[in-house]
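S.K.: Sequence:
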Amino acid sequence: MKNVNKKTSSKVLDDVKEGDLIKDDTGKKGEVEQIEILDRKKEKQYYYKIKDDGTILVIK
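If you want this note's numbering, it's the 1-based position in the sequence shown plus 20.
Take every hint as true, because none was put in to throw you off.
Listed next, with one range per pair, are the computed distances between beta-carbon atoms:
id, residue 1, residue 2, range
1, E51, N25, 15 to 25 Å
2, M21, K61, 25 to 35 Å
3, N23, Q65, 11 to 21 Å
Hints are computed from structural coordinates only; laboratory data are not their basis. Where a beta carbon is used, it is the ideal one built from N, C-alpha and C, also for glycine.
Please build the complete structure, drawing on both the sequences and the hints.
M.R.: Rendered as structure tokens:
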């Protein structure tokens, strides 16, 4: 299981694939169902849709 948060490197965040198990600092965890990555101005937003547990958002 991969831990994802603001301090996680961009390489690790880019390497997360559908089907991977991830968790965040708030305790949300599960299998990645869908991934959306948005480039907004000077930041990159990683949206990981988790099966049965909502979405994990990481902003870098």
